[in-house]
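**Student:** Listed below, chain by chain, are the residues.
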Amino acid sequence: MFLLPAAIFFIAFFILPMGRLFIVGGSGSRGWSAYAAILTDAVYFNALLATLGVAAATTVTTLLVSGVAGVFLQRHPFPGNRLLVSLLTLPLAFPGVVIGFMVIMLAGRQGLIGTLTQALGGDRLVFAYSLAGLFMGYVYFSIPRTLLTIMAAAEKLDPRLEEAARSLGASTWRVVRDVILPGLKPALISSGAICFATAVGAFGTAFTLATRIDVLPMVIYTEFTLSANIAMAAALSFVLGAVTWLVLALARSAAGSTVAAAG
Amino acid sequence: MPPLIFSLQLAFTLAVCAFLIVPVVLSVLAGLTVNYFVGLESGLTLKWVIEVWNGYRDTLFRSVGIALACLALTLVLGVPAAYALARAKSRLGRAFEELLMLPVAVPGLATALALIASYGALSGFRTSWAFILVGHALFTLPFMLRAVLAVLSAIDLKTLEEGAASLGAGPWQRFVHIVLPNCRDGILAGSLMVLTLSMGEFNLTWLLHTPLTKTLPVGLADAYASLRLEVGSAYTLLFFLMIVPLLLAMQALARPRRRRFIPADDTDLAPLALKP
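From first to last, the protein sequence lines stand for chains W and B.
Going by our numbering, the first residue of the first sequence is number 2, and it counts up by one from there.
Going by our numbering, the first residue of the second sequence is number 80, and it counts up by one from there.
Since the hints were made in silico from the structure, they are not lab data.
Here the structure is a predicted model, which means the values were calculated and not measured.
Fair warning: there could be bad hints in the mix.
Just a few of them, taken from the derived set where beta-carbon distance is under 10 angstroms, the chain B residues facing chain W [said to hold, decoys possible]:
hint, residue
1, Q88
2, C96
3, P102
4, L156
5, A161
6, P186
7, L286
8, F319
9, L320
The C-beta atom is built at its ideal place from N, Cα and C for all residues, glycine as well.
Using the sequences and the hints, build the whole thing.
**Tutor:** Next comes the structure, spelled out in C-alpha cells:
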C-alpha cells in the first residue's frame, strides 16, 4: 500500500497530537469553558476582533492591488513585463520574520518613510511597530501569491465577452464591473480566503514587529511562554485553527473549485 | 484601451513593484554599509557579514540540513502517497487528501503546541533537530503531494499502467518505471517548494526549537530583536543568498510548464500557502 507511510506519519504526528491539544485545552483552571473564553473574556475577544480586522483589511487591499496589477500584466505583453512579474512574485516564500524586517526597513525608526517625511519637512513617520505595520507586512506577503492566481484566471477570460459589451456601448467601468469582475470571481474568492486565513494565523511578522501587537497568535504565544498557561494557549490555538479551516472550507464551496489550503 | 488608463495602470504596477523590492534593496545595502544611520557615505564593508558568518553560521548549516532531510522525508512519504491518491478516485481518497492538507490550513502555532503537548516529554526527541524536522515535514508534505498529483492527473496514468500491467509489470515495477519518470517535473517543482519553505519556516520552528537547535529564521528573529540594524541586515542578506536562487529556479520551472500542459493545477500550486 503506497499510502501507508504517509498515513502513519500523519496520524502519529498530526491527528493524535491535535486530539491531545483539544484535551489539553479543556484541562486548565477554566475547564472546558476555556473554549468559550475567546468570546466571553474581553482580552481574548478584543484580540480576536483585532485579528479579524487586520485580516479583512489585508484581504480587501491585496485583492484590489493584485487585481489591478494582475489583469494589467496579463493583458499587456510590453517589454519588461516578464521581469516585472518575476520581481512581483519574488517575495513568494519570504518567511514572516523577514517580511517584518522589510516593514521595519520601510516604516521603522530608521526606515525610508520616516526619512522621506522628515526631509519633506514633516514629523518622522514611524508606524512599523503597530497594527498599521502589521497590515503593511501582510499586504506585502499576500501580493505575490494573489497576483499569480489572478493572472492565471485573467488568462482564461474570454475577450469576446468584453468586445460584445463594448460594442453594445458599455463604458470601461461597466466592462470591469459586469464582465471582468464576474469572470475573476472564483479566483478572487479563493485567493481572498487564503489571504484572510494567512493573516489570521500568521505569527512571524507580528513577532518581529512588536510583542505588544495584540493579535490572537501573539496572545497565544504570550499565554504559552510568559504566563505558562498551556491549557489556555492550547484552547485558543485550537479555536484559531478551526477558524482558518472554516474560512477556507467556506471559500471552497463558494468558489466551486479547489481552493488550495493555506495557512 | 486609452493610453491614459494604460499609463496609470503601469505607474500603479511599478509602484507595487517598488513596494516589494525597495525594502529588499535597502536591507541588502544596510548589511553592507558601515553605519546605516549615517548612510552610504560611511562606506561599504563586509564587516557585518563576517560577524554574522562567525556568530551564526551553525544556524545556516542546520537549516540546510533540516531542509534536505525534510526533502528526503517528503519524497519518501509524498510521492507514493500522491500515486495512491491519483489512482484511488474514491470519496475516501478525496477525504484523506483533504486531511493531509490540514497542516497548511491550521496555523503553525497550533501544530507546534500539539506536537509539544504530545511528545514534549520525550526529552531526547524534544531537544533534537528531528523534532523540528517532523514539524517541517508535516507543513511541507501537502506541497509535494499537490505538485506530484497535478502532474499525475494531467497524464493518462490509467492507460500507461494498463499497458505495463498487460506486459506483466507488478505495482512496484509500474511505480518505478512508469510513474516516477512521468512525474519528474512535478517532483522537481515540489522539491524546490519544500526546500524553500523548510529553509524559511518560522511559525512552527520558533516553538519547536531549543537553544541548541536554532535554525536560520530563528537566528534572524533573535538578531532583529537584539542586534543592530546592520547585523540584522547582513544576516538577512545571507538568507537571501540561500533562498533567492531557489525562488528563481521555481519561477523558471513554472514558466514553460504553464504553456506545455497542466493549465490549471500548476498555477494553483504557487499560491498554496506559506505563512508569515
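**Student:** Each of the hints needs a verdict: does it hold here or not?
**Tutor:** Hint check results:
1. Q88: Since the shortest Cβ distance to chain W is 4 angstroms, the answer is holds.
2. C96: holds, 5 angstroms
3. P102: holds, 4 angstroms
4. L156: This interface hint holds because 4 angstroms falls under the 10 angstroms limit.
5. A161: At about 9 angstroms, which falls below the 10 angstroms cut-off, the nearest Cβ of chain W leaves the hint on A161(B) intact, so it holds.
6. P186: holds, 3 angstroms
7. L286: Nearest chain W Cβ about 7 angstroms off; hint holds.
8. F319: At 8 angstroms from the nearest chain W Cβ, F319(B) passes the 10 angstroms test, so the hint holds.
9. L320: Result: violated, 13 angstroms to nearest chain W Cβ.
Going through the hint list in order, the structure does not satisfy hint 9, though it satisfies all others.
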